[in-house]
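Chains as they are written, first to last, in numbering that gives the first Met the number 0: chain A, 0 to 378; chain B, 0 to 220.
Hints are supplied without guarantee of correctness; some may be wrong.
Derived BS3-like pairs: lysine-lysine, alpha-carbon spacing no greater than 27 Å straight-line [said to hold, decoys possible]:
id, chain 1, residue 1, chain 2, residue 2
1, B, Lys109, B, Lys180
2, A, Lys267, B, Lys146
3, B, Lys180, A, Lys267
4, B, Lys29, A, Lys267
Keep in mind the hints are simulated off the structure, nothing from the lab. As the structure is a prediction and not an experimental result, all values here were calculated from the model.
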Amino acid sequence: MNELRDVYITGVGAHLPGSPVPSAAIEDHIGRIGGRDSALGRRALRWNGVETRHYALDAEGRPTTSNAAMCADAVRAALDQAALSPQDLTFLATATTQGDYLVPGHGSNVHGELGGGPLEVASFQSVCGSALMAAKSAWLSVRAGEHDVAAAAASEFSSRWFRPAFYEGSALVDAKGRLRPEADYLRFTLSDGAGAVVMEPSPCPSGLSLKVRFIDLISLADRFDPCMWAGAAPQSRADPLSTWAFAGPVAAHAQGAVALLQDFDLLKRVIRAWVGVYLQKVEAGRIEPAKIDHLLCHYSARSLRAEIEGLLESTAGMIDRDRWFSNLSSVGNVGSASIWVMLEAFLRSGRLSPGQQVLCVVPESGRALVGFMLLEAVE
Amino acid sequence: MTGVPDVLRQLTIVFTEFEGRLEQTPLIRKLTRGRFDLADYQAFLVGLRQQVADGALWMSRAASNIDERHLELRSALMRHAVTEHRDFRLLEGDYVTSGGDLAVIQGAEKNLGSEALSAWMFHEASRPNPFGLLGAMWIIEGLGSIKAAEWGRLVQRRLGLPDEALRFLLYHGENDLEHIKEFEAMLAMVLPDAAVAAKIVKTARVTARLYALQIEEITGD
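Using the sequences plus the hints, can you model the full thing?
What follows is the structure, given as structure tokens:
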């Protein structure tokens, strides 16, 4: 049997549609429920710390591109940075929360937009963590010698789901026309974009490459019900037989089962569980906080509650704040694409030096999952 | 790996695993899935009461077994015991306010988990310098400062009970950060010490497992 190969990220690409949209203009793009401004929006923005974001919907709410097309653009940008073209790619692993189609998988549609030649695809569908599922698939494929040029790509077109048609006429809107906070919060939290990385068995001939040291994904769905979900009404979310397809699309919409929803109470418990998993990694020596030169966490430092920060400090698990890099406040929370969009901006920032370690942390509240990826800069 | 931050890290891991186990118990599943009724709440109070009543007792016993070289820790445990030794009265009050009969909650037997938990606590507290019980305190205090108020708010939302019927659950949950600081100070009285560190973490694990067993054994049906 062949030895496992080292694998390097040789190109990183991002695609953010349109111009940055300031907070005041959000509802021009995603629309107003019942024609009225959201009461919750400003509070959600304070909490998530996002100042500007990008939408693949114009200021009249019309689409300017598709989820798959954004993803293909990010793959092209990543290949271009690696001095490769779509024809060189033999494996494409994609991630998204919701593709353009319900069927077939996002990977096929991204390949359709990308062109190139026949290649292997894998479609990963979850929430933010799906980015690392795709990355792990690409990493292992190159590592095992199955492929020499693989891409892991992630994209989101969340704003489609935030248009009034998803809520109006459903149980999520009360008699006074107010949208349930579980639904409205996400409208002001998630936005659109795509990111991708190219992986190869040798570093770039010039410039910095990122050796992938490990990718670990841990699901805690054995203990938690869905925390951020679509496809079930809030009250029946734990019952798989009450999900949308059994009722049919029309009845499901009326029940409020066709919208993205977030359970805030559960989120607090899930955050503690993420911290527990992280500390287990520290305890096991898999993550050594003092040796992490840069932390890219798809979670705003601002929204870490003081208790959690205090706890991380008390347990020698905190990575100093001056090592955190984030562009969340300017590009928004792009779900699965966030970690690649962040990595792309980080590499452009010029902060990285050869030999340094970069820890990427991708928590997914979906059903309590968290992923870690450790990278090392090589020249 | 035996200093205060190391032990706190291991204890935090034990606590988050414990929370995961609690989430999967039938009673808490009912609570988080909106199928929790008044009988469940009353069974919950009855199930907790015996163990809560014991809490200050094992803590006092532990204090009485702490030697003169650790007087600060002894004082801390005694203060703790005094603060908490009437808490079970709150529980009884909540039970009565929610429509229960005082004689029932006072006369109820410990469930299987409570028996095991209580026996374990008194056994540990009876040993000389029972520092391992700091691990047990971490679990039980953590329940008070983190889980109780969370559960209390969920119960209130499901059942629409007044605050007066939820005092035990709601009155906890304040000053999380202060609790941790106090606890760190207590750990610093006995650490660093490899054997003590291991004992504290082990005691936390056993306590968490038995506590979860106690909750598993509570049913309102």
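Outcome of the hint check:
Proximity of Lys109 of chain B to Lys180 of chain B is assessed by CA-CA distance (about 33 Å); at most 27 Å being required, the pair is judged violated. Among the hinted pairs, Lys267 of chain A with Lys146 of chain B is consistent with the structure: their alpha-carbon atoms are about 11 Å apart, no more than 27 Å. Between Lys180 of chain B and Lys267 of chain A, the direct Cα distance comes to roughly 21 Å. Compliance with the 27 Å bound is thereby established for this hinted pair. A distance of roughly 18 Å separates the Cα atoms of Lys29 of chain B and Lys267 of chain A; the hinted pair therefore holds under the 27 Å criterion.
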